[in-house]
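Using my numbering, read the sequence shown as starting at 3 and increasing by one per residue.
In short, the hints are calculated from the structure, not lab data.
A hint or two may mislead.
Label pairs and their calculated CB-CB ranges [what the hints assert, rightly or not]:
(1) K234 <-> E301: 26 to 36 Å
(2) E389 <-> N343: 11 to 21 Å
(3) E365 <-> S324: 36 to 46 Å
(4) N150 <-> I433: 37 to 47 Å
(5) G392 <-> D444: 22 to 32 Å
(6) G392 <-> Y300: 31 to 41 Å
(7) G207 <-> E246: 17 to 27 Å
Don't be surprised by glycine CBs; every beta carbon is placed ideally from N, CA and C.
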Amino acid sequence: MKKHQIHLQSPNPLRFEKWQAVSSTITTTTTSRLSPPFNNTIKPPSILTLFSSKPHLNPLKISLKISSKNPISDIVSPFNNDDDHDDKPREKCGVVGIYNDPEASRLCYLALHALQHRGQEGAGIVAATCDGVLNSVTGVGLVSEVFNESKLNQLPGSHAIGHVRYSTAGQSMLKNVQPFVADYMHGRVGVAHNGNVVNYEALRGELEENGSIFGTSSDTEVVLHLIAVSKKRPLILRIIEACEKLKGAYSMVFITEDKLVAVRDPYGFRPLVMGRRSNVAIVFASETRDLDLIEAKYEREVMPGEVLVVDKKDGVQSYCLSQHPEPKSCIFEHIYFSMPNSIVFGMSVYESRRKFGDILAREAGVDCDVVIAVPDSGLVAALGYAEKAGVPFQQVLEGKRVVVVDDSIVRGTTALKIVRLMNVEEIREFIGCDSLAFLSFDSLKKMLGGKSGGFCYACFLGKYPVEPSGKVKKVGDFVDDGLDGSIEFIDGGWLQGSKD
Numbered sequence: 003m004k005k006h007q008i009h010l011q012s013p014n015p016l017r018f019e020k021w022q023a024v025s026s027t028i029t030t031t032t033t034s035r036l037s038p039p040f041n042n043t044i045k046p047p048s049i050l051t052l053f054s055s056k057p058h059l060n061p062l063k064i065s066l067k068i069s070s071k072n073p074i075s076d077i078v079s080p081f082n083n084d085d086d087h088d089d090k091p092r093e094k095c096g097v098v099g100i101y102n103d104p105e106a107s108r109l110c111y112l113a114l115h116a117l118q119h120r121g122q123e124g125a126g127i128v129a130a131t132c133d134g135v136l137n138s139v140t141g142v143g144l145v146s147e148v149f150n151e152s153k154l155n156q157l158p159g160s161h162a163i164g165h166v167r168y169s170t171a172g173q174s175m176l177k178n179v180q181p182f183v184a185d186y187m188h189g190r191v192g193v194a195h196n197g198n199v200v201n202y203e204a205l206r207g208e209l210e211e212n213g214s215i216f217g218t219s220s221d222t223e224v225v226l227h228l229i230a231v232s233k234k235r236p237l238i239l240r241i242i243e244a245c246e247k248l249k250g251a252y253s254m255v256f257i258t259e260d261k262l263v264a265v266r267d268p269y270g271f272r273p274l275v276m277g278r279r280s281n282v283a284i285v286f287a288s289e290t291r292d293l294d295l296i297e298a299k300y301e302r303e304v305m306p307g308e309v310l311v312v313d314k315k316d317g318v319q320s321y322c323l324s325q326h327p328e329p330k331s332c333i334f335e336h337i338y339f340s341m342p343n344s345i346v347f348g349m350s351v352y353e354s355r356r357k358f359g360d361i362l363a364r365e366a367g368v369d370c371d372v373v374i375a376v377p378d379s380g381l382v383a384a385l386g387y388a389e390k391a392g393v394p395f396q397q398v399l400e401g402k403r404v405v406v407v408d409d410s411i412v413r414g415t416t417a418l419k420i421v422r423l424m425n426v427e428e429i430r431e432f433i434g435c436d437s438l439a440f441l442s443f444d445s446l447k448k449m450l451g452g453k454s455g456g457f458c459y460a461c462f463l464g465k466y467p468v469e470p471s472g473k474v475k476k477v478g479d480f481v482d483d484g485l486d487g488s489i490e491f492i493d494g495g496w497l498q499g500s501k502d
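Given only the sequences and the hints, what does the whole structure look like? Please build it.
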């Protein structure tokens, strides 16, 4: 049996609290007895050519050697269970890629700051030097905690990719921090991935049966193994063949010695955009706000099912994956994940959330003195509600009848019990407010207008464009949470609280 070796460099991430998506914009009213200053409940910030040799006649043996550059790995590892096959690779992350800029890694660093809301568990950058060497720096924590001037000096080169990780479930380990870099028979390749591959376990099982050895619990590693065992040439065809075997959501950026590749799944679940700097450097990113921060001009989305390859010889080349289903972009990007100052799926996130609040005020208006947002991610919807209701938006609460607007319930603590066991009236009583309203699903679709058919609503309806595997609940939950019950009974509900 011919041995095929991959050397994968990346430390493992620390476990992060599980957060789950439950519903869209909600509003509560209550008579405040708080006097400033008061304690706020804080939620994490909300929620992108090598040639093979002749085909092998025997199954390939894929061996992964994991090395961690994180100095605390020896301390953390004894407390982690390495047998993590049950780890569910359910991530809401952010990716960035920059090609043909002498400050590529530093621009990646800045762009990752703009993506910090998409992942706080770990961060990493891989850069390619002028002589084709891929250098990697990854670590646990925020971007500012992982990188400093010394670390950035270790990443010379004119093209780079970056990643911030937000893991919502499973036994996360330090070695799962991306980007991953793999050495295999025909060269080196790095990858950063935002999404969730639902047939990950089946693909991993097939690869392991044929001799592949995995070093992480991430679904992203499956992509590297699929590339390694492919008999296609050149590398871009290997990437395309690998991606066509994936089912689920993925926006990925790849880096080689001389190329940058951006791929988006055929449904376009997760966002990925392309921009260009004044020095003609090409930029790929999860959100347009990244482009703004590094002074790149937005050009277009990476289309669903599109593969873009960038190199110095041919510039930007476009390929297509073989599948061409109707796009089904994730509606929660506009409800929660993306930042308000981004354009996502061709629409302003700010305008979407402001309209959510406007509609909620029309459908479920109450007699109140002020409107506030809690936490900050509900700010824009609260502004829309206040404008429509004709009441001030302010944070001074004492003695006021207050409308509190949140963008969603995205928690893994009380939300499980609330959604599974309670109706709207019971939820209202549980959280201690005078009244409670949810933006109705019909109003949400009406607000989207002619674009409503291009979104995925599995969070609310349990109807998945890609059927979930056994590791994902097939009910009215968010695609990668752990809830057990449909939330249809709270859709559009409005109950006035007791006057007692």
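Structure-based check of all given hints:
1. Look at K234 against E301: about 29 Å separates their beta carbons, and that is inside 26 to 36 Å.
2. At about 19 Å, the CB distance of E389 to N343 agrees with the hint of 11 to 21 Å.
3. Between E365 and S324 the CB atoms are about 43 Å apart, so this pair conforms to the stated range of 36 to 46 Å.
4. Between N150 and I433 the beta carbons are some 42 Å apart, a value that agrees with the proposed interval 37 to 47 Å.
5. Take G392 and D444: their Cβ atoms lie about 25 Å apart, and the range 22 to 32 Å holds.
6. A hinted range of 31 to 41 Å holds for the C-beta pair G392 and Y300, which are about 35 Å apart.
7. The supplied range of 17 to 27 Å is met by G207 and E246, whose beta-carbon atoms lie about 18 Å from each other.
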